[in-house]
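Undergrad: The opening position of the sequence shown corresponds to residue 168 in this note's numbering, with each subsequent residue numbered one higher.
The set of hints was computed from the structure by calculation and includes no laboratory data. Fair warning: this is a prediction, and the values are worked out from it, not measured in the lab. Even for Gly, the Cβ is constructed at its ideal location relative to N, Cα and C. Some hints here could point you the wrong way.
[To be verified] DEER-style ranges, computed between Cβ atoms: (1) ASN588 x ASP496: 33 to 43 Å; (2) SER435 x ASN176: 17 to 27 Å; (3) ASN446 x LYS296: 19 to 29 Å; (4) SER685 x SER436: 53 to 63 Å.
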Amino acid sequence: MKIKYIDGNRFSRAIIAGAKRVFDRQNHLNKINVFPVPDSDTGTNMASTLRTVIESIHDTSSKKIHSLSKIVADSALLGARGNSGVILAQYFYGISEELGEEIRVTTEKFGEAVKNAVHYAYEALTQPKEGTILTVIKDWAESIHKQRLTKTDFVELLNHALESAKKSLEETKNKLAVLKSSDVVDAGGQGFVDLLEGIKNYISKGKIKDLVFSKTPKIETAVHTEISPEDIKHRYCTECLIEGENININELRKKINDLGDSIVLAGSSQKARLHIHTNRPADVFSIARHSGALLQQKADDMLKQYQVSHTEHPPIALVTDSDCDLPQDFFDKYGIHIIPVRVSFGESTYIDKITITPEYFYEMLKNEPVHPVTSQPPPSEFKNLFSFLLSHYDSIIGIFLTAAHSGTYQNAVNSAKSFPNKKITIIDGKSISVGLGFLVEEAAKLIAEGKTHDEVVSNIIGLRSRTQLFVSIENMTCLIRGGRVGKMKGLIANLLHLKPIVNFNNNGALQHCAKSFSSQGLKEKVIKLVKDFVKDKKQPRFVVAHASALQTAQYYVEQLKKEFGVKDISILPTSPVLGAHAGIGTAAIGITWTK
168 MKIKYIDGNR FSRAIIAGAK RVFDRQNHLN KINVFPVPDS DTGTNMASTL RTVIESIHDT
228 SSKKIHSLSK IVADSALLGA RGNSGVILAQ YFYGISEELG EEIRVTTEKF GEAVKNAVHY
288 AYEALTQPKE GTILTVIKDW AESIHKQRLT KTDFVELLNH ALESAKKSLE ETKNKLAVLK
348 SSDVVDAGGQ GFVDLLEGIK NYISKGKIKD LVFSKTPKIE TAVHTEISPE DIKHRYCTEC
408 LIEGENININ ELRKKINDLG DSIVLAGSSQ KARLHIHTNR PADVFSIARH SGALLQQKAD
468 DMLKQYQVSH TEHPPIALVT DSDCDLPQDF FDKYGIHIIP VRVSFGESTY IDKITITPEY
528 FYEMLKNEPV HPVTSQPPPS EFKNLFSFLL SHYDSIIGIF LTAAHSGTYQ NAVNSAKSFP
588 NKKITIIDGK SISVGLGFLV EEAAKLIAEG KTHDEVVSNI IGLRSRTQLF VSIENMTCLI
648 RGGRVGKMKG LIANLLHLKP IVNFNNNGAL QHCAKSFSSQ GLKEKVIKLV KDFVKDKKQP
708 RFVVAHASAL QTAQYYVEQL KKEFGVKDIS ILPTSPVLGA HAGIGTAAIG ITWTK
């Protein structure tokens, strides 16, 4: 069967077929990913980008290719992840622009569009590198363009151009030293060839039923390549979508140029996707905010991804959220994976502990007129992390802040269902801050000791019932502003200088347990509550957290040492989840004990 034109329906089916091939091959792409950094996520990122496209066009029935190409471009930009994902999105955008208002196209118009769209992809990068997906796209497009008049059958044209793309891909080994030394082709370029192969296979002999794709990512065991961690000069793969009016992409590129490398800026003056490898994601987002609203912010830790992909580790991956308060060196030592919650002040959104530190958060809490709002991580973040981890670990244990006050736990549960054939256990921590920290700390140590998945889960469920958190709240202002306490009740409470103390019930919900009418009385009452609580507990252990209330935290530590003869009690700044709702001056004593 010859195909003389492509309309919206055919274009849609071709993209779906190509994406399906990339989905099937994503773990191979992860295995060969060594450039620009060996973070083993090119396949995951390209699949994620294309999955957003498929979800947008799957139910679209427009016969106009210009309409479909615009949907593809917009959705790719919206869901773009990683270097190759953003480049691919920008190329789709270029094709959409070059197709204009066409309803359907012949090989002649198609050849012109894909050739002219190449410069859109190149212009998105500050320093375009040959030997990457860019080169493969360019060589494929040039082949299409050269044959557009003589090969008027799309089946013949695409088959011929695919061979050019494969040849270009193989030559990437000779254009980048890191590819040659690792004996692999460029992962992004391979992903583009996989996309083309999926399209070719469909138009040659495929059927519509072949376009059904699974939402369950295929997981394979990773293969390690010889790469040094010194190759990772910038730790965070940082991305966001910018929406605004008159976004000046070139000016923005200049402003962030000194903050990192692998810079890709794709899109238009109304919507742009930013990608950069940097050690200063907070500074990048601060600059980008001047161009418009920031959406879909992320900052993936490439050093941790490298360690997962290229170093030995236990068979169980441990995941928690950024509300878990533990020292950073503990997270690093045990390779704990953290999914950050979001913190918003008005229109500005931050990634907890990455683009906003607890210290900076509390400084903003003092000065910003708008009350902060915390929100759970998006489901896609869980799925992407789980998919990546399952290519390197046998199983996953996730421990998250209490489900009684956040949807984070439920998002994790729902995301785990996308991997029905893999062992993933999601545990409701039924606490926050250092209370959650006790559980994650113990799980990490048990995993390091070589305990089985089920043994770790059983121990943590038991420990959860032997953990408590007492929280002293200095004033009711944040509880009122956040809607946790009615305005009238809050006003009366503040007039009376009422200072509540809360802890957690068996379901993980905060409950009022005492109150005071002075700061000193509040602190003394907390110590008394803790003393009464642990009098029948064996070997109690304490950790203190605070929301910009170091003096209160130090007082608690002194009193606990005096009362219980404990030598080492850590003090940690608490996460914004507690601080946003309880306010500055809040302090918490976490307690755990033996059976």
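Undergrad: Take a look at whether the Cβ-Cβ distance between ASN588 and ASP496 falls inside 33 to 43 Å.
TA: holds (35 Å)
Undergrad: Is it true that the C-beta distance of SER685 to SER436 lies inside 53 to 63 Å, as the hint says?
TA: holds (57 Å)
Undergrad: Within 19 to 29 Å or not, the Cβ separation of ASN446 and LYS296?
TA: Given a distance of about 21 Å, which is inside 19 to 29 Å, the answer is holds.
Undergrad: Holds or violated: the 17 to 27 Å window for the beta-carbon distance between SER435 and ASN176?
TA: holds (26 Å)
Checked against the numbered hints listed earlier, the structure breaks none of them; every hint is satisfied.
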